[in-house]
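S.K.: With the hints as constraints, model all of the structure from the sequences given.
What follows is each chain in one-letter form.
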Amino acid sequence: MNDNDTILLDHGAGGKVSHAMFSELILPLFDNGLLAKQDDGAVFEVPAGRMAFSTDSYTVDPIFFPGGDIGELAVNGTVNDVAMCGAAPLYISVGLIIEEGMKVFDLKRILQSMAGAAKKAGVRIVTGDTKVVPRGKVDKIFINTSGIGLLPVGVNVSGNGARPGDKVIVSGTIADHGVTILSEREGLKFDSDVKSDSAPLNHMVKAVLESGHPVHVLRDPTRGGLGTTLNEIAVQSTVGIRLFENRLPVRGPVRGICELLGFDPLYLANEGKLIAIVPGTNANKVLDIIRQDEFGKDAVIIGEVTDQDPGRVVLETLIGGTRIVDMLTGEQLPRIC
Amino acid sequence: MGSSGLSAKKIEISGVVQGVGFRPFLFGLACAHHLCGHVSNSDFGVALFVQGAPKDLDAFLLDIPEKKPLLSHISRVVSTDAPPLDLSDFTIIKSRDTRTKSALISPDVGVCPDCLKEMQDPADRRFEYPFINCTNCGPRYTIIQDIPYDRPQTSMKSFTMCPDCLKEYENPLNRRFHAQPNACPVCGPQVFLLNNKGKRVDGNDPAQAMALAAQFLRQGKIVAVKGLGGFHLAVDAANVTAVDLLRQRKNRPHKPFALMAAWDSPLFDHVHMDGDEKELILSYHRPIVLLKKKAPAQSVSMDLAPNLAPDNLCLGIMLPYTPLHYLLLEKGPDILVMTSGNRSGEPLSIDNADALDAFSHIADYFLLHNRDIYFRADDSIARIQKGKLRFLRRSRGYAPLPVDITVPADDNLANILGCGAGMKSTICLTRERYAFLSPHIGDLESVQGQNFYKATIKHMQKILDIRPVCVAHDLHPGYFSTQFAKMLGEQGLPLIGVQHHHAHALSCMAENHLDGKVLALILDGTGLGTDGHIWGGEVLTCTYKGFERRARLNYLPMPGGDAAVTSPWRMAVALLYKVYGPGIMDLEIPFVRSLDNSKLAFLIQMMDRQINSPMTSSTGRLFDAVSALLMICHDISYDSQAAIALEAAANIEESAGTAYPFDITTGADGCRIMDTAPWVRPMVTDIKKGVPRGKIAARFQLTLSSMMVKAAARVGQETDLDRIVLSGGVFNNHTVFSQITHMLETMGFKVYTHSMVPCGDGGIALGQAMAAAALQQARTAMG
Ligand SMILES: [Fe+3]
Ligand SMILES: [Mg+2]
Ligand SMILES: [Zn+2]
Ligand SMILES: [Zn+2]
Chain A
1 MNDNDTILLD HGAGGKVSHA MFSELILPLF DNGLLAKQDD GAVFEVPAGR MAFSTDSYTV
61 DPIFFPGGDI GELAVNGTVN DVAMCGAAPL YISVGLIIEE GMKVFDLKRI LQSMAGAAKK
121 AGVRIVTGDT KVVPRGKVDK IFINTSGIGL LPVGVNVSGN GARPGDKVIV SGTIADHGVT
181 ILSEREGLKF DSDVKSDSAP LNHMVKAVLE SGHPVHVLRD PTRGGLGTTL NEIAVQSTVG
241 IRLFENRLPV RGPVRGICEL LGFDPLYLAN EGKLIAIVPG TNANKVLDII RQDEFGKDAV
301 IIGEVTDQDP GRVVLETLIG GTRIVDMLTG EQLPRIC
Chain B
1 MGSSGLSAKK IEISGVVQGV GFRPFLFGLA CAHHLCGHVS NSDFGVALFV QGAPKDLDAF
61 LLDIPEKKPL LSHISRVVST DAPPLDLSDF TIIKSRDTRT KSALISPDVG VCPDCLKEMQ
121 DPADRRFEYP FINCTNCGPR YTIIQDIPYD RPQTSMKSFT MCPDCLKEYE NPLNRRFHAQ
181 PNACPVCGPQ VFLLNNKGKR VDGNDPAQAM ALAAQFLRQG KIVAVKGLGG FHLAVDAANV
241 TAVDLLRQRK NRPHKPFALM AAWDSPLFDH VHMDGDEKEL ILSYHRPIVL LKKKAPAQSV
301 SMDLAPNLAP DNLCLGIMLP YTPLHYLLLE KGPDILVMTS GNRSGEPLSI DNADALDAFS
361 HIADYFLLHN RDIYFRADDS IARIQKGKLR FLRRSRGYAP LPVDITVPAD DNLANILGCG
421 AGMKSTICLT RERYAFLSPH IGDLESVQGQ NFYKATIKHM QKILDIRPVC VAHDLHPGYF
481 STQFAKMLGE QGLPLIGVQH HHAHALSCMA ENHLDGKVLA LILDGTGLGT DGHIWGGEVL
541 TCTYKGFERR ARLNYLPMPG GDAAVTSPWR MAVALLYKVY GPGIMDLEIP FVRSLDNSKL
601 AFLIQMMDRQ INSPMTSSTG RLFDAVSALL MICHDISYDS QAAIALEAAA NIEESAGTAY
661 PFDITTGADG CRIMDTAPWV RPMVTDIKKG VPRGKIAARF QLTLSSMMVK AAARVGQETD
721 LDRIVLSGGV FNNHTVFSQI THMLETMGFK VYTHSMVPCG DGGIALGQAM AAAALQQART
781 AMG
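Protein sequences appear in the order of chains A and B.
Following the UniProt record's numbering, the numbering of the first sequence begins with 1 at its first residue and continues without gaps.
Following the UniProt record's numbering, the numbering of the second sequence begins with 1 at its first residue and continues without gaps.
Keep in mind that the hints were calculated from the coordinates and are not lab data.
Owing to the predicted nature of the structure, the values given are computational and were not obtained by experimental measurement.
It cannot be assumed that every hint is accurate.
Chain A regions said to be covered by chain B (calculated; three or more residues, Cβ under 8 Å) [as the list claims (entries may be wrong)]:
1) 187–197
2) 259–267
3) 311–323
Just so it is clear, CB atoms sit at the ideal spot from N, CA and C, and this is done for glycine as well.
M.R.: If you want it as structure tokens, here you go:
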């Protein structure tokens with residue numbers, strides 16, 4: 001297949017052309033024995049114990065952006081979802097829905113970065129599917145990924161595990177992905193460079209869990225941002241969460257753009273960050289471990305879990321007041337009079 | 001005793017008749033008219049049985065409303081004939097317990113002259129006692145947990161009266177007969193002084209506490225003072241360094257500070273005051289009164305720091321209202337800054353421990369006392385305009401007295417809860433012909449604000465014994481008040497959503513007892529409209545049940561949403577961009593040149609691509625835009641700052657009679673549109689020509705007023721309506737308020753304005769309740 005070719009409906013029809021695309025384009029990139037068998041599904045051994053299984057679909061616009069592309073996002077996203085269950089992700093499936101007319105060159109780039117992301121995360125893409133739909137039926141490409149992973153014995157993390165006295169750690173700066181996508185999509189121009197934080201977090205999770213320090217909650221604050229995710233945790237665990245505005249890590253340029261846009265970084269998406277809620281006594285040790293990971297250098301403790309105002313997230317503001325960080329409800333309408 | 005020539009009556013008096021010396025008053029009056037009988041407090045007010053000669057009885061009845069005690073307020077007298085009894089005197093009997101409670105709770109009242117005199121008399125047993133009070137004065141609402149208003153239901157319950165106090169309390173002829181907060185230095189509350197580490201520094205001597213607090217104030221220290229309805233942060237108003245320090249520590253760079261001074265203070269040399277204003281400031285309600293500053297030349301003096309109310313035409317001044325305030329001013333500086341003691345964005349602190357936690361980084365000392373405040377009441381803020389009282393904030397001294405609303409015609413309103421808006425909020429409960437507006441609750445973005453909101457609703461329901469059958473709320477889904485209403489809805493109460501500006505209009509209709517259909521000119525900041533845009537510059541026609549939007553300001557984008565409210569320069573860019581498009585970048589005016597080019601370009605992209613740029617017809621935002629455009633105010637640090645500064649900068653005399661051209665067009669939906677474009681160009685030309693900004697600001701205000709009046713008049717013509725209500729926060733602008741009222745009246749309109757409730761969002765809850773009451777009534781009528 002030539003880089004300048006475009007994807008045709010035939011590429012997804014299951015015939016000769018589809019087959020050629022699989023063997024010439026996909027298989028070499030995702031190279032692994034299980035996929036190479038070309039059976040209807042992947043068959044593999046699993047040890048006894050508990051597994052985590054997660055799925056997500058990716059429809060990001062634009063599909064290429066500073067710091068990554070839709071392919072990398074699709075792999076990292078599912079790797080991270082599995083990791084947030086406390087599991088070590090092993091196998092991933094990929095479903096591609098491609099709009100007729102896509103450049104083979106673009107598809108190749110996406111598949112390459114999927115392969116790269118899988119390698120980096122240490123997971124294998126073992127089964128998949130490709131469909132091509134007429135122009136306009138999807139926007140360039142949609143990707144679904146599912147993943148399974150193995151839970152180490154004794155690990156038990158869940159959104160309902162937060163307890164008063166716990167500390168809230170975030171593994172790095174927030175809102176990078178949200179700001180990047182928004183400004184790329186809308187063609188906003190500014191001098192500073194921002195890029196997506198798309199990254200696999202499974203190695204970080206593994207290091208934390210293997211250290212033996214108890215972890216109550218792990219979550220990746222993707223869509224809806226830190227604010228929404230923490231609200232979910234506060235409700236699930238029936239606890240209050242208190243954040244300190246002066247500790248929220250936001251890169252300067254990201255903060256600047258958020259200010260101009262009038263957006264709160266707390267509600268913008270992240271694709272390579274996790275929240276760890278851990279007992280206060282171990283918090284600093286867990287923080288040190290996270291900071292040793294390549295994607296956790298900027299990790300900080302941003303707040304604590306309390307028994308006050310269960311179900312609520314409260315921000316202690318820079319000027320010494322408090323503000324309730326609400327669950328995001330649709331469009332943000334002006335309210336100040 | 002025979003029945004010869006004797007007649008008898010059972011009388012029920014409702015209103016504010018408890019805790020205001022009403023029973024002793026009746027006792028004295030009955031004795032003076034040679035009547036026998038008895039009186040007691042009841043849940044609806046006071047219950048009275050009197051008998052005597054018919055002519056004495058008649059005279060007695062006539063005297064009641066005539067001579068009633070200062071603080072009482074009679075809302076209803078029901079008298080029925082009764083068979084005479086065998087009685088030989090008049091007695092006051094103990095409160096009865098019944099089920100319904102319709103007695104009205106008095107607000108807190110400034111200390112009375114009799115008490116003051118005693119407090120200043122070295123021979124009096126209450127000499128310099130900061131908690132002196134009597135039935136004519138002192139705390140009420142802030143110390144009450146429930147009614148009937150009796151001592152065990154107040155925060156005075158932890159103080160047992162000494163024999164001397166008890167004697168006064170039990171003597172019907174004493175000024176302190178059943179004065180629930182009655183106390184003296186032997187048995188009552190005491191002050192004490194702490195440093196900001198929480199350590200007592202007064203050597204356990206209350207007198208020393210007062211003296212030291214006053215001394216520290218004179219030295220320029222910041223002292224947190226526990227008052228009637230909350231805490232104040234006090235500082236010497238003549239000490240510029242101290243005032244600056246307070247600004248710094250409180251993170252309040254520009255917002256005006258309220259001042260407190262005795263009536264004979266030099267402070268009053270700095271402001272203009274007419275008879276009505278004098279009466280208002282001296283009234284026992286003791287609001288903060290906005291008084292116009294004199295020109296600097298007229299008030300050269302060292303007794304006022306220059307940084308008290310920058311960019312403001314007025315100073316906010318109140319007289320001392322508690323005995324403690326009097327003592328503080330007597331021993332301390334002549335003029336005190338008394339700013340509310342709260343964490344930024346949160347309600348007033350009322351609890352000693354909370355105050356220590358909240359202000360230990362602000363206050364150097366804490367002047368506290370051990371009488372608990374059960375309920376917050378912020379200082380009320382009022383002014384006189386066109387000879388009438390106008391509230392900017394209706395709270396201590398007024399709430400929870402009801403607003404009498406005799407419409408819709410029938411005086412039996414359903415029990416409604418109006419939930420208010422999102423900022424400067426109050427709530428409203430209705431019963432019979434009364435609307436009870438709560439004291440100021442404030443912003444609802446903090447946990448404390450929301451808790452106070454919930455507690456206020458609960459408390460008001462309890463003390464007024466109102467169980468709402470219907471809940472009215474704003475349309476904005478993000479307001480906590482709306483979310484709270486929704487929660488009540490889930491519990492089964494019917495909900496009625498009322499558009500923000502419809503509610504503004506109805507609040508003005510209600511307090512003016514209007515019924516039927518009227519015109520409404522609403523000039524406001526932010527209110528969600530039925531089209532999903534933000535309204536605030538509208539002419540409506542409305543009834544209690546509904547409204548029609550007949551004219552509006554043209555829509556402008558708000559680049560950044562709420563950020564466009566806190567950064568008026570964004571609105572200036574939006575205003576210019578609508579007229580000049582990309583040409584804005586080349587405008588040779590100081591405002592545009594002051595902007596960072598990349599920021600400007602970014603904002604333009606946001607508006608082009610409609611990123612977080614909701615559309616608004618708000619008059620408040622228009623003020624912001626012009627204020628920024630004229631380089632008067634770029635960013636704000638407090639609510640309405642840009643508009644307030646614009647009004648202050650405007651040189652009204654110079655612009656007399658010269659508005660910019662404006663145009664009123666018609667939108668696709670038939671709604672008239674007040675177009676900003678025709679006057680933006682000449683305004684920019686004026687700026688380029690170097691016309692002083694004071695003159696341009698004045699011309700802008702006149703243009704706005706004229707444009708609004710023209711639009712309203714056109715709608716009036718089309719609809720044949722000649723009654724018009726004015727509401728919305730922009731009417732706090734005195735210039736625009738006077739211009740618009742004057743022009744409309746000259747054209748023959750009957751103009752109705754606010755006097756009982758604020759024109760801003762503090763009045764919204766009343767309008768909401770009125771809409772719901774009307775709709776509820778219609779539903780019931782339909783069966
Ligand atoms: Fe409003
Ligand atoms: Mg996901
Ligand atoms: Zn008194
Ligand atoms: Zn006593």
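S.K.: Which numbered hints are broken by the structure, listed smallest first?
M.R.: none
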